[in-house]
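Peer 1: As you go down the protein sequences, you meet chains A and B in turn.
So the first sequence is residues 3 to 275, counted in our numbering.
So the second sequence is residues 187 to 498, counted in our numbering.
I should point out that these hints are in silico values taken from the structure, not numbers from a laboratory.
You may find that some hints are simply not true.
Unchecked claim - Here are some, though not all, of the chain B residues that point toward chain A, as calculated from beta-carbon distances under 8 angstroms: (1) T214; (2) V240; (3) L242; (4) L262; (5) T313; (6) L329; (7) I340; (8) L350; (9) G357; (10) L361.
To be verified - The following residues of chain B were derived to be distant from chain A, with all beta-carbon distances above 10 angstroms: (11) E211; (12) P233; (13) T281; (14) R312; (15) P323; (16) P351; (17) I394; (18) E395; (19) S454.
Backbone N, C-alpha and C define an ideal beta-carbon position, used for all residues, glycine too.
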Amino acid sequence: MKKRRSSNVISAASVYVLTFLYILPLLWLLLAAFKTRAEMFKIPPVIFPHKINIDNFIYVLKDSSPYFLNSLIASVCSTFLALLLAIPAAYSLARYNIKRSKDIELWILSTKMMPPIAVIIPLFIIFQKVGIFDTLVGLILLYTAFNLPFAVWILISFFKKVPREIEEAAKIDGCNLIQILMFIGIPLVRSGIAVVVIFSIIWTWNDLLFGLIMTQNAAKTLPVALASYANTLDIKWELMAALAVLQTLPVVIITFLSQRHIVSGLTFGGVEK
Amino acid sequence: MGTMTKIHTEPIPERIQKRKRFSGENVTGWFLVLPAILYLLVWNVYPLIYALYVSLTNLNLTRPALNKFIGLNNYLLLLKDETFRTAIGNTLYMTVLSILFELVIGYFCAKLFVRAEKIKGVNILRTIFILPIMITPLVAGLLWSYILNPTLGIINYIFKILHLPILPWLGDEKLAYYSIVAINVWQWTPFMMLLIIAGLNSIPKSLIEVAELEGAGWWKKFIHLEIPFISNIISIGVFIRVMENLKMFDVVYATTNGGPGKATEMASLLAYRQSFLYYQTGYGAAVAVLILILSTILVQLLFKSMWRRDVV
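Isolated chain A (complex conformation) (with noise of 0.2 angstroms):
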């Protein structure tokens, strides 16, 4: 008994420290967006700033309110837009037997794989051409095609568990296919929902790679502005750190709130958790 308590506080011990190390490097950009410029450069470097100092964060959210809003409207609009398009056909996959669903299933899958450098040329050329690049309108397009997929297949397996005893029993009692989606449907697999909402907000909020090719200035996101930040030849560290924990600060709040839905997530809906 007595070996077994010593045991369990040296697990929780080295678990504790694990943590507090392997988190360490963000700790230390945390720390660094309250030092003033001075503190920044000096050495040996300077742990902790010598007073709680703001400035950096007033000014980058001055600098940078515009890319906020940027980010915000193009991963919320297209995630739901990715619902709206993949909630039916997911429906529609896991319930009807079309011809070759499963190959569908495959092919909407192996979209999400597909490194986006080989979309990202001939859609630069095509958004030049239609009037749609550096806009907001085509980011959220763009990231819509981007999330569908993962959406797709993240449905697919949550309508699959759903019993088809509930949905027949309200076709019985008269409800048509839109009533049994909205009513029924989709109540039954909002984990489903919350799991796709969650990763394709994250995704898209933490893309640097459309943002960067398809706007310049009207519809930049927030990952190109704070990648232009470091560009500069004399390298704001101490905005930089101010503007990286602002971009975060969404997502880590996101991971905390839904912490039980992160496995199924992160591995299309493969893994149980």
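Dock chain B against the given chain A, drawing on the hints supplied.
Peer 2: Structure of chain B alone, referenced to chain A:
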């Protein structure tokens, strides 16, 4: 009521069953799935065909009017291009090396978390531990380039205190490459760890007890108990990580931008630079098409082997 049940239990004649394929239900099914399919056709298939076409031209974004069909010329040039070979080699080596490290470190972390299962707050600790997966790779790259900065960086300062040599982490060819591997491993080990935890938790407690009663050491338990239970989950993880590594862009863009020299050049980065910085769009498209072919082959191989073992 009784008659109705009787009608339902009677087998449907084959002729009618066949007709059902084209009946209302089937049409509704297609009607529901078609918008998504059309959307993906427009945004994936059409651009891919377009990319293939662009790769056969000498398109230059600054003077699109001079665009000319040049056949396989870009591809011939590519095969002779040493930068391209380096980029592909770097990408593949990065993929193999990082995944190996992620698996080994991920396994040890997973064991630690599973052992500490009953400890207070372990769920919150695990969520904190997986934060690196959630931050954008761009932030990971920027953050590490700050930490590894030769003069201001904390790593070199710690090295100095410990009387270790001060190193140009991202400035030396070999070191820069392995620094990026390390950043990659840091960011994605928690992902493997989560999967391995899920796998380890799926082992029935009774089996573990039997193994312990029979005096199986950790190696025996690892080979005969843990590996069989985690292998399917791990193959999903490896599959996803291979895909992601082949697309690698952000971390390199934020840290070394491919340099010094070509030491950290990656396939996606090369295609990006050729197309959008040097405006050699036809050439860039050819790079992109070859990346696509390469990743399709790898995906097929991995997917087939998973399919055979019933993982997906």
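Peer 1: For the hint on I340 of chain B, just tell me whether its beta-carbon gets within less than 8 angstroms of chain A.
Peer 2: It holds, given that the least Cβ distance between I340 of chain B and chain A is near 6 angstroms, below 8 angstroms.
Peer 1: Just want to verify: E211 of chain B was marked as not at the interface with chain A; is every Cβ pair farther apart than 10 angstroms?
Peer 2: The claim breaks: E211 of chain B does not keep its Cβ more than 10 angstroms from every Cβ of chain A (closest is about 6 angstroms).
Peer 1: How about L329 of chain B: closest beta carbon in chain A under 8 angstroms, or not?
Peer 2: At 5 angstroms from the nearest chain A Cβ, L329 of chain B passes the 8 angstroms test, so the hint holds.
Peer 1: In terms of Cβ atoms, is chain A entirely out of 10 angstroms range of T281 of chain B?
Peer 2: 13 angstroms, holds
Peer 1: Would you settle whether the hint for T313 of chain B is holds or violated, based on the nearest Cβ-Cβ distance to chain A being less than 8 angstroms?
Peer 2: 5 angstroms, holds
Peer 1: Does the no-contact call for E395 of chain B survive, Cβ to all of chain A over 10 angstroms?
Peer 2: 15 angstroms, holds
Peer 1: Would you assess whether I394 of chain B, listed as outside the interface, keeps its beta-carbon beyond 10 angstroms of every beta-carbon in chain A?
Peer 2: Given that every Cβ of chain A is farther than 10 angstroms from that of I394 of chain B, nearest at about 16 angstroms, it holds.
Peer 1: Is the nearest CB of chain A more than 10 angstroms from the CB of P323 of chain B?
Peer 2: Violated, since 7 angstroms does not exceed 10 angstroms.
Peer 1: Restraint: L350 of chain B near chain A, CB-CB cut 8 angstroms. Satisfied or not?
Peer 2: 16 angstroms, violated
Peer 1: Against chain A, run the beta carbon of L262 of chain B and see if the smallest gap drops under 8 angstroms.
Peer 2: 19 angstroms, violated
Peer 1: Return the status of the interface hint for L361 of chain B: holds when the least beta-carbon distance to chain A is below 8 angstroms, violated otherwise.
Peer 2: 18 angstroms, violated
Peer 1: Hey, is P233 of chain B genuinely clear of chain A, shortest beta carbon separation above 10 angstroms?
Peer 2: 4 angstroms, violated
The structure shown violates the earlier hints numbered 3, 4, 8, 9, 10, 11, 12, 14, 15, 19.
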